[in-house]
Amino acid sequence: MADKQILERVIKVVANVLGLDPEEIEPQANFVFDLGAESSQSVELVMAFEAEFDVDMDQEQALAVQTVEGAADFIATQLNS
Amino acid sequence: MSASTTSSAASLSPGSLDAGLAAIFRPTSIAVLGVTNTPGTVPHDIFVNLLDSRFNGAVYPVAPRKKHIAGVRAYNYVVDIPDDVDLAVLVFPGAVCEMALKQCVEKGVKAAIIISAGFREVGEAGLAREHRIKAIAAESGMRLIGPNCLGVINTESDVRLNASFARAMPATGKIAFLSQSGALCTAVLDYAAGKNIGFSKFVSLGNKADVDEIDLLRFLAADPETAVILMYLEEITRGRELMKAARDIAGDMSAPKPILAIKGGRTAAGAAAALSHTGALAASAEVCDGVFEQSGIVRCASIEEMFNTAQLLAYQPLARGHRIAIVTNAGGPGVMATDAAVNQGLQLARFSTETVAALKKALPAAANTKNPIDVIGDAREDRYAAALEAVFADDDVDQVLVILTPQSMTNINAIARAICELRERFASTRKPLVCSFMGSRDVAPGIEILQEHMIPHYLLPEWAADAMWNAVWYGRWLTRERTEVETYAVDREKAASVIDAVPDGYLIEPQALDVLDAYGFPVVDYEIATSSDEAVAAAERFGYPVVLRVVSPKIVHKFEMKGVVLNLGSADEVRAAYDAMRANLLVHVRSEDITGIMVRRMIPAGKEVILGVNRDPVFGHMLMLGLGGIYVEAFKDVTFRIVPIRRSAAGKMVRELRTVSVLEGLRGEEPSDIPGIEEALKRLSQLADDFPRIAELDINPLIVHPRGEGCHVADVRIRLEAMGPRSR
Chain A
1 MADKQILERV
11 IKVVANVLGL
21 DPEEIEPQAN
31 FVFDLGAESS
41 QSVELVMAFE
51 AEFDVDMDQE
61 QALAVQTVEG
71 AADFIATQLN
81 S
Chain B
1 MSASTTSSAA
11 SLSPGSLDAG
21 LAAIFRPTSI
31 AVLGVTNTPG
41 TVPHDIFVNL
51 LDSRFNGAVY
61 PVAPRKKHIA
71 GVRAYNYVVD
81 IPDDVDLAVL
91 VFPGAVCEMA
101 LKQCVEKGVK
111 AAIIISAGFR
121 EVGEAGLARE
131 HRIKAIAAES
141 GMRLIGPNCL
151 GVINTESDVR
161 LNASFARAMP
171 ATGKIAFLSQ
181 SGALCTAVLD
191 YAAGKNIGFS
201 KFVSLGNKAD
211 VDEIDLLRFL
221 AADPETAVIL
231 MYLEEITRGR
241 ELMKAARDIA
251 GDMSAPKPIL
261 AIKGGRTAAG
271 AAAALSHTGA
281 LAASAEVCDG
291 VFEQSGIVRC
301 ASIEEMFNTA
311 QLLAYQPLAR
321 GHRIAIVTNA
331 GGPGVMATDA
341 AVNQGLQLAR
351 FSTETVAALK
361 KALPAAANTK
371 NPIDVIGDAR
381 EDRYAAALEA
391 VFADDDVDQV
401 LVILTPQSMT
411 NINAIARAIC
421 ELRERFASTR
431 KPLVCSFMGS
441 RDVAPGIEIL
451 QEHMIPHYLL
461 PEWAADAMWN
471 AVWYGRWLTR
481 ERTEVETYAV
491 DREKAASVID
501 AVPDGYLIEP
511 QALDVLDAYG
521 FPVVDYEIAT
531 SSDEAVAAAE
541 RFGYPVVLRV
551 VSPKIVHKFE
561 MKGVVLNLGS
571 ADEVRAAYDA
581 MRANLLVHVR
591 SEDITGIMVR
601 RMIPAGKEVI
611 LGVNRDPVFG
621 HMLMLGLGGI
631 YVEAFKDVTF
641 RIVPIRRSAA
651 GKMVRELRTV
661 SVLEGLRGEE
671 PSDIPGIEEA
681 LKRLSQLADD
691 FPRIAELDIN
701 PLIVHPRGEG
711 CHVADVRIRL
721 EAMGPRSR
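Just so you know, the protein sequences line up as chains A and B, in that order. Just so you know, we're using our numbering here: the first sequence kicks off at 1 and counts up by one. Just so you know, we're using our numbering here: the second sequence kicks off at 1 and counts up by one.
No lab work stands behind these hints, which were simulated from the structure alone. Please note: incorrect hints may appear among the correct ones.
The calculated lysine to any residue pairs, modelled on SDA-like cross-linking and capped at a C-alpha distance of 20 Å, are [said to hold, decoys possible]:
id, chain 1, residue 1, chain 2, residue 2
1, B, K66, A, L20
2, B, K66, A, L18
3, B, K554, B, P503
4, B, K195, B, S302
5, B, K67, A, L18
Stretch by stretch, here's where chain A covers chain B in the computed footprint (C-beta under 8 Å, at least three residues) [as the list claims (entries may be wrong)]:
id, region
6, 54–68
7, 92–99
Some chain B residues well away from chain A (every beta-carbon gap over 12 Å; in silico) [claimed, not checked]:
id, residue
8, R323
9, W463
10, G520
11, K636
Keep in mind that this is a model prediction, so the values were computed, not measured. Where is the CB? At the ideal position from N, CA and C, for every residue including glycine.
This is chain B alone, in the form it adopts within the complex (with noise of 0.2 Å):
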C-alpha cells in the first residue's frame, strides 16, 4: 500500500456551499485519529475502507505511538501532520474524543465526523459531554456529524468517499440515504447492493449533536448527483422548518427533488398527558401523516416501499397522470396487478380505437387487447415490443407496467433487452415505464439487463402498483393548486382580552363559547342562572327546547359528571332538570365551585364532527377534524394538519375522512354543510395562530346541518399554557 497520496480531488466549491459540509462531503484531505492495527474492529476498518474505496485524496492515520497503519506513515497527533486538514474523523473512544476535538481546532480542520459511541445515548454524563464537544466545535465554526454514527459515503467518482465502517463502498447511483439508525444503515446498504441500486451520498447521522437532516436536506437540495432523497427519521426536534425544507426542496418546480421518509416511533404530543381528545389522539401515525402530506414528503411504511419508489422517481420520469397500461403475458398476474392498481388509485387507461386496432394486428387472435394486454405465455419479443409501442404511443396512457412470468419458450433477456430498445425509442413521451419479471432464479439475468439500464424492477407486481401510486401522490402534490391562507376578519381583541385574564388551565364555556364567538364561529346565545326561576326565565327567552349545561372551573367532563340535561321542552321540565343537576352535582363539587348554570337553545339534530387543536412540541398548533360525538377516539376517523392552514387544505380534510360520504349524503341523506365545516376549520386555524398559549382546544362535537343551514358549536374545551422554549 503507498504512502497517503497527495490531492487531486475536487476542490471545495465555492458560494453557496457551505464550508463545513463541503470539507465533509468533498474534502480533499482526511486525517481519521485513534486508528488502531487491529483489524476487525471499527477502528482498524474504518481506516481501511478510506484506502479500499481509493478516496481521491490524502489520508493520514493518528494512531499515536505506531509508525504506520496499513502501509501508511502514522502520527501521534493531528497537529504533527505536516499539510492541511479537510475533514477528521474520530474513532478514539468517547472519554478521549474532547481532546482529540481541541486539537482538531487547533490544527484547523474544517469539519469532524465522530463515530465513537458514549455521548448522550448512554446517560447524562454521556449528554454533559457531547454538549462540550459541541461548544469546541462550535466555537471554530467546525461542522460536526454525530456523535454514535455509522459515518459518510459519498460515491462521487472525484470524490469516493468512505469514511463509514460499512463492509463495502456501494455502487454509484441517483439517490441519497439519511438515516438515524446506524444499525439500519448497514441493513439498507446490504439490501440495495442486492437489488442493484447505487447512492449517491449515505449519512448516518447519529446523534445529531450538529448537523441534522435539515441541514443535509438543503446541501442534497443542491448536489446535482442526487435526484431523490431517502431518510430514516426517529426524533424530530425542528420540526417547522423540516416542513419547510422539505416543501421547498420537493416543490421546486423548476428541478423537484423528491423526498421519500419512514417515520420511526410516535410524536412527542404527549398523548398520555393530554385530557382533550384532540391531544389523545394526536399522537397516532396520522399526526405525522398530516405534516408530510403538506410538507409533499413521501410517507414509507417500509424499506422495501421506499426503495420500490425511489428507483421509479430516480430513474424514470415522473407520471403525468394515474392511468397505466399493463402489458402481461400471464393472465392471473394481469388480474392480480389490475387489483393492486385500482385498490391504490391508480386506473387502467382506456386505450383509443387507433391503440387497439394496432394491438389487433400485431397480436394473435387469442390476446388479449383490451386493458391489461395479455400477449399470452408463448410471447417472445416481438409480442412485448409491439404492445409496448401501441401503449406508448396513446395518449390516454400515462404509465406503463409489463409483467413476465417464465414459460419454457419465454426468451426472457431478449424481452428485457426489447424493453430497454423501446423505452430509449419513446424516452420522449416521458412516461415511466416499469416491470416485474416473476420469479427469482431464471429471471434473474433479465432482471439485471433492466437494472443496468434504470429500468424500475419489482419482485411482485402489486410492490410495482405501490410505488406507481406513490409517484402519482408525490406529482399531484407538486401541482397542486397552491393557494394561500385565508383569514376572516375577526375581533382579534375580544377574544385577546378573555384569553389574557386566564391563567394557565381550562376556560370555563362562557370563556370558551366568547373566545369563539370573537372568531366568528357559529355559537348559540347562552345565559347563566344562578336560580331555577332565571333558568325558566331564560328559557322562555330563548324558546324551547332548550339544554342546561353546569358552567364550572372544577368540572371539565360535563357528560360524565351528569352536567349536561338535553331537550327540555317546558317550564316544568328547566325547573326539574335544574334542581336535579345542582343536587347531583354538589355531590362531587362544592356550591361554590359552580358558576351558574348555562341555559341554551337546544341545537338541531345534525352530523357531528370534531374540530381540535394541539400544540405539539415539534410542530406547533395540529388540526385536527374528524367525525365526532363520543365515539370519537373508538372510530379514529380522523386528519391532521399543521397550523396555519391554506384554503384548499380544508377541502382536502374533509375528503380525507374514511367516512366522508356521511357529509356527502347516504341513501338519500341530504348533503351537510361541508363549505361550513371548511370555514370552521380556517377559523379555527387563524385563532390557534394567532394564540400560542392555546395549548389544546376541542371543538366536540360542531353539529352540521343540511347544506345552506350552517353549523353550530355544541360543545368546547379550551386549555391555556404558556409556551416553553422548545414549543413551536
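With the rest of the complex left out, here is chain A (with noise of 0.2 Å):
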C-alpha cells in the first residue's frame, strides 16, 4: 500500500481534474467506471500525476493504471525507482 500522504494527494489531483469532491473518491475506485474520466481526462490525469509528483512516467504503463490507489502504488514506485 503507498504512502498515505501520496494517495491524498493523488485524491486531490483527480478531484481538480475531473472535477469532483474529494470527499467522495474512494481508493479502490476505477477511474471510468467510477468516476466517470473520460479518454481525454485520462492523458490529464497522467500529466496532472507528473506535476505534483514532479516526475516522468511512461504514458503506456501510466494509461494502464485503472484506479486510485493503483495510481498511488505506481507512482510511489516511480519515486522509489
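Now that you have both chains on their own, put them together as the hints suggest.
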C-alpha cells in the first residue's frame, strides 16, 4: 500500500482534474467506471500526476493503471526508483 | 430534450423468438453504459443517435458522476436505474467492460451490444478479455452482439432503434444487412441512402463473441419485415450450420427468403500446406462458389451487385424464367443490354404473333417490333405504355427491362409514371420489371418516381442484366429437383480394415487402391514385384502393355521421382525398365524404403479428369472435380461441393466445368463416359462421408473412356489425419 500522503495527493489531483469532491473519491475507485474519466481526461491525469510529483512516467504504463490506489502505488514505485 | 420516455414499444414476441435476440431488436428499454458529454465521440454520439431516431422506448444514459446527458437524467451505474432494462449498449473502454457487464447481469439485462474495441482484435490479452465477457454473459443467458462493432439498427416503425454510431437512421425497407466489417457498414449505409434503398434490420457483427450470422439468419427468417438478407462475411467458423440455415431459409418453398453474400478472404483450407492438387486448389474462390451453390446463397462480387440484385428480389416478383423483353428508346443501349443479358445466360424472348401485331399497330413504322423493342428516340409515354402492355400480356416473356435515354423531347417523369402505372396494372402477371434510365442529372427526378414505387433502377443496362440473371439463378435453385444422397452397396469393413491399421500419413498405393476397390471404384488389378523376374511374370499374366510404378511410403510424387514407366510392351522392356527404375530410385531412397514395384496392365488412353477430396476445417470434406492431368493447377477448371452430395449434384458438377465440351465430344470425337464420372463422384462422396480421417484424396487422373466403356483409376493418393476439435 502506498504512502498515505501520496494517496491523499493523488485524490486531490483526481478531484481537481475530474471536477469532483475529494471526499467522494474512494481509493478503490476505477477512474472510468466509477469516476467517469473520459479518454482525454485520462491523459490529463497522467500529466497532472507528473506535475504534482515531479516525475516522468511512461505514458502507456501510466494509462494502464485503472484505480486511484493503483495510481498511488505506481507513483510510489516511480518515486522510489 | 425530454426525460426518458416510458415504453410503448412492441412487447417481446412470445413463443418462438429467442428472448435475447428479441431484446436486441425490439427492446422496450435501453441503458447505454459509458456515455460522455463530448460530442463527436462514440460514447456521446451513440446515445444521441438513440434519441434522434425517436426510439420507441425508454433510454437511460449510464455516465458516472454526470447528472444528465443531452437533457436526459444520467445514472452512475446501471444498477441504479429504477426500471427494468432490456438491452445494454456498452461504450466503455474495453478494459472496464467486464465490470459493466457484471452489473448488467445483476440488473437482469437480457442482451448487450458491446460497441467497445480492445478484445480479440488487439491480441492475446484482448482475446482473454473477450472469453471472460462471453462467460459472464453466458452464465445468465444474456446474448451479446460484438464486441468491436458498429451496432444494431431496426427501422420498424414501432421500434425505431438506432443503437449504433452510424451517421443517420436509414430509411425503412425490406432488406436486412449483416456485416463482419464495421467500416463497411457505414459505407453501405451511405451508399444505400444515395440510392433510396431502405433496410429492415442492419447489424454489425463485430467479433462475434456470441451472436453470429447463423443466429441472425434464423431470426431474420422469421422477421416479417425482411424479404431479402444480405451478408458480408470474412471468417466463417460454423460452415455446415451456415449451409443448413441458408438452405432452410432460402429454400423454404412456402416463404422463400433469398440470401445474398459477399465473401471476403479465402477459406482456411491451408493451401500452403497441402501437398495434394485438391488441397492446393481448395483454397480458391471456387470453394466458396461450391458452398454457396449448394446452399442457395447468391454470391455477389461487389456491394453494387449485391444491392442491385437485392432490390429486384425484395420488391419485384420472382421471375419464372429467363426470357426477357427489352423496351428502349435508343438502339445502342438496346444492343448493349442484349449483349449483357445473353452473356449472363438470359434469353431474348420471342414474341408471339399477337404481341408483334399489337406492337406494329401501336408504334410508328420505323420502330423495331422485335426484341429489343425500339420505340425510337422521340418516344413519349404513350409508346412506352403500348410496348409494355404488349410484352406484359405475352406468355413467352418472363421479365421486362425498360431503357430510357434523355432526348430533348423525352418526357422523363411522365414515362416514369406510366411505367409505374403499368407495373401496378399488370401486377397479377408476376413478371418482374426493372429500368435503366441512363444518365444522371436530367433523369434523376424520373428515377426518384420509380424508386418511390419500388421499381428497381440501374444506371447501366449491364447491371440490370446481372441482377436479372442472379434472380433467375435463385429461382432455378429454389425450384430445382430435390434429390437425395445416393449411396452404393460397398465393402465398408474392408476399407476400414485398411484405414484403421494405418497411422496418420499417406497410404501406399496398394492400400489406397484397396480402399477404392472396396468402394466399387474401377481400379486395375496389380501385383507387387520385388525382382525383375517377378515383374516379368506379372506382366505375362496381365498381358502387354503394362505399367511399372514404385511402391514406397517415402515417395509420394512418383512421376517427379521417375518412379513410373508406362507402355512396356515386352518382357525385355519390363526387365530393363525395372532395373533402371530401381537403380534410379536408390539414389534417393534406401532399399528398405522400397516396398516393391507395382505391375499392372496399361489403361487405354482416354480423357483425364481429377477427382479429389479435401477436408476443410470449416466445411468438412469438399469434393472436387476438374479437368485432370499434370496441368490441373494451371488450368484450374475445377468445381467443388461439400460432401455428401446429392444425386443431381454429380451431373451439375460435370456441367459446370468450362471444358465440359471436351467430355461431350469435340470435332467428331466420341463423347466420354460422363455417367461413369458421375458415379465416381458419388462413390467418392460416400467414401469421404464414411471415413472422416481422410484428410486429402486425389484420383488424378481418372481416365474416362468413350461412353459405355467406363473409367479407370490411374493414380490415387490418400492422406489420413485424425480430426482436430474444429474439424467438421
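Structure-based check of all given hints:
Between K66/B and L20/A the alpha-carbon distance is near 10 Å, which keeps this suggested pair within the 20 Å criterion. Between the alpha carbons of K66/B and L18/A the distance comes to roughly 11 Å, so the proposed pair stays at or under 20 Å and holds. Annotation: proposed proximity of K554/B to P503/B holds, straight-line Cα distance about 14 Å (limit 20 Å). Proximity of K195/B to S302/B is assessed by CA-CA distance (about 16 Å); at most 20 Å being required, the pair is judged to hold.
Of the supplied pair hints, the one linking K67/B and L18/A holds, its CA atoms being roughly 14 Å apart against a limit of 20 Å. For the region 54–68 of chain B, the stated coverage by chain A holds: 4 residues have a C-beta nearer than 8 Å to a C-beta of that chain, and at least 3 were required. Counting residues of the region 92–99 of chain B whose beta-carbon sits less than 8 Å from any beta-carbon of chain A gives 5, enough to reach three: the coverage restraint holds. Non-interface status of R323/B relative to chain A is upheld: no Cβ of that chain comes within 12 Å, the nearest being about 61 Å off.
Distance check on W463/B: its Cβ is at least 44 Å (rounded) from any Cβ of chain A, clearing the 12 Å threshold; non-interface status holds. Separation of G520/B from chain A is adequate, the least Cβ-Cβ distance of about 65 Å exceeding the 12 Å criterion. Under the 12 Å C-beta cut-off, the non-interface status given to K636/B relative to chain A holds; the minimum distance is some 48 Å.
Of the numbered hints given earlier, the model fails none.
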